[in-house]
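Participant: Chain by chain, the residues:
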Amino acid sequence: MKITFIAADGTETAVDAAEGESIMRAAVRNDVDGIIGECGGSMMCATCHCYVDEAWADATGQQEDGESDLLDCAASEVRPTSRLSCQIRMSAELEGVVIHLPESQL
Amino acid sequence: MLDHRLAPLDDTISIDDLTVAPYPIYRRLRAEAPVLRVKSVGRTFLTKAEDCKYVKDTPEIFSSNDPNTPMKRAFLAHTLMRKDGPEHMAERMAMAPALMPKTIQEVWAPLYRQFVDEYLDRLPKGEVVDLHVLLSEPIAARILAHILGIPEATDAQMSFWSQALIDGAGNFGWRPDLFEISDRANAEMDAMLARAVERVRAQPDRSALSVMVNSENPIAMSQIVANIKIAIGGGINEPRDALSTIIYGFLTEPEQLEETRRTGKWGQAFEEGVRWVAPIQASSRLVLEDVEIRGFRIPKGDTVMTIQASANHDEDLFDHPERFDVFRTKNPHQSFGSGPHHCGGAHIARRTVGAIMLEALFERFPNMTLPDPQAVLWRGFGFRGPINLPVKLG
Ligand code: HEM
Ligand code: FES
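Those protein sequence lines, which keep their order, are chains E and L.
First residue of the first sequence: 0, per numbering that gives the first Met the number 0; consecutive thereafter.
First residue of the second sequence: 0, per numbering that gives the first Met the number 0; consecutive thereafter.
Bear in mind the hints are in silico, worked out from the structure with no lab data behind them.
Quick caveat: nothing in here was measured; it's all calculated off a predicted structure.
Mixed in with the good hints, there may be bad ones.
To give an idea of the chain L side of the interface with chain E (calculated C-beta under 8 Å), a few residues [as the list claims (entries may be wrong)]: (1) K52; (2) D56; (3) I60; (4) G266; (5) S337; (6) G338; (7) H341; (8) A345.
Capping the alpha-carbon separation at 30 Å, the derived lysine-lysine pairs in BS3-like fashion look like this [what the hints assert, rightly or not]: (9) K71/L / K38/L; (10) K82/L / K101/L; (11) K1/E / K329/L; (12) K1/E / K52/L; (13) K391/L / K124/L; (14) K82/L / K52/L.
The calculated label-pair distances, taken between Cβ atoms and stated as ranges, are [what the hints assert, rightly or not]: (15) E314/L / R28/E: 14 to 24 Å; (16) D52/E / V106/L: 29 to 39 Å; (17) E66/E / E49/L: 40 to 50 Å; (18) A30/L / D32/E: 21 to 31 Å; (19) D32/E / T368/L: 47 to 57 Å; (20) V127/L / R28/E: 45 to 55 Å; (21) E254/L / S67/E: 42 to 52 Å; (22) R261/L / A6/E: 22 to 32 Å; (23) R28/E / A20/L: 33 to 43 Å.
The beta carbon of each residue, even a glycine, is placed where N, CA and C say it ideally should be.
Please work from the sequences and hints to get the whole structure.
Facilitator: Printed below as a string of structure tokens:
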């Protein structure tokens, strides 16, 4: 499954992800700059902050419980499209999803 | 099929060796024996980054709930650090609002700035002073006392309690004298907390104690107290050692300091400092079922030690790992751990030491020098950092 990451400076990187894999994990596994994922997806660190492309907002669904509290912690601006990428799992509806990366995670 | 080979057993590495100079040992283990049962420590060492991360991120197999450690005895409580699953989560979340960046930004960062000014003002220019003792330690104690909701505790009290808890929790020889000291610290903390609880009940604030006590669904008082103690035990040494380590790094690599000044990458310098010498070097996990790591069988009931100090120097991830290099392109260190026990104070440490202290210190003392780098002593196996830092301020 394909995910396209668009960095703050506009650089695009497309990576392959497995079904069920989180977007954070796919980014880290493929060495995408801009996602750190320091806590390994335990919703503890907020270093996997991303902005879901508007066109994909419905498909990725709502924030999980507790996500917004932690998003308060994000280093970059929090927007309505902000999510923790460790909480979004790849599924058929997300084939080709576009994810924008924040300026910084720390 | 599980291979039935156990990891090799080493009976040459002593705790003293690990306390004085661990890095050359870890370099050798990464190359020759990345999964190794170390007799003196009674644990299976994991020294590769990938293995450390895997263990921390797989709490279903590698539990934090290890009843065989002296921690419970030292804290007189079963703390969140040694719990798993929903119980751990509930206790951790109870304290979280006080440690979140929003609170840091609104409350703790401005307060920390004020303390930085005060503590820097006290330092004498032109003399050789021990910055570890005069700055790194007391300022870590001061901000923590406020964050936790016990501002009446003095720097010296905070430091004593913290060290007593750490020494007790690490008292694997079960020496009674160390537990006597931790018992005394517990009695002092309990007395102070009893008064502090009344105060935050009457006048709620943003501190960890207040948030826990005044919550709609508070956790048990015994756990509130245990949480405060875990934060006292785990919230002074690390920022203290991180700060001293980074100052040492800069003073022994002045061109790094110049470049950091020029580019303002103080946050990056903080990350590199904690990578270079991880303040918490190793963590233990209890193995709940037989597993295999690098072809070796790790039996149920074994205790593995993730050596994040070594993970942070893993040649698979880092060039010239032994060097303090602020400008490395990637820095996937594990100094704050990973998984559900990822450091609760990571945001605090980053937004105080990293975002405020370093720049303020080098702005105030642009000509600071380290007259004799050899005089700086490094110690520690579980926790590590310099134990002194004689610098000349200018
Ligand atoms: C540079 C500074 C720091 C470093 C390197 C550090 C490192 C760590 C590490 C490695 C762990 C995980 C231990 C494990 O997995 O078993 C941890 C846990 C923890 N840290 Fe920190 N720490 C730092 C600062 C702080 C501060 C300032 C506080 C206090 C506010 C704090 C509070 C905690 C707590 C409460 C836990 C337990 C989390 C849990 O078990 O869920 N830390 N820290
Ligand atoms: S990886 Fe830490 S919160 Fe997502």
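Participant: For each hint given before, does the structure comply? Return the numbers of the non-compliant ones in rising order.
Facilitator: Hint check: 3, 17, 19 fail, others pass.
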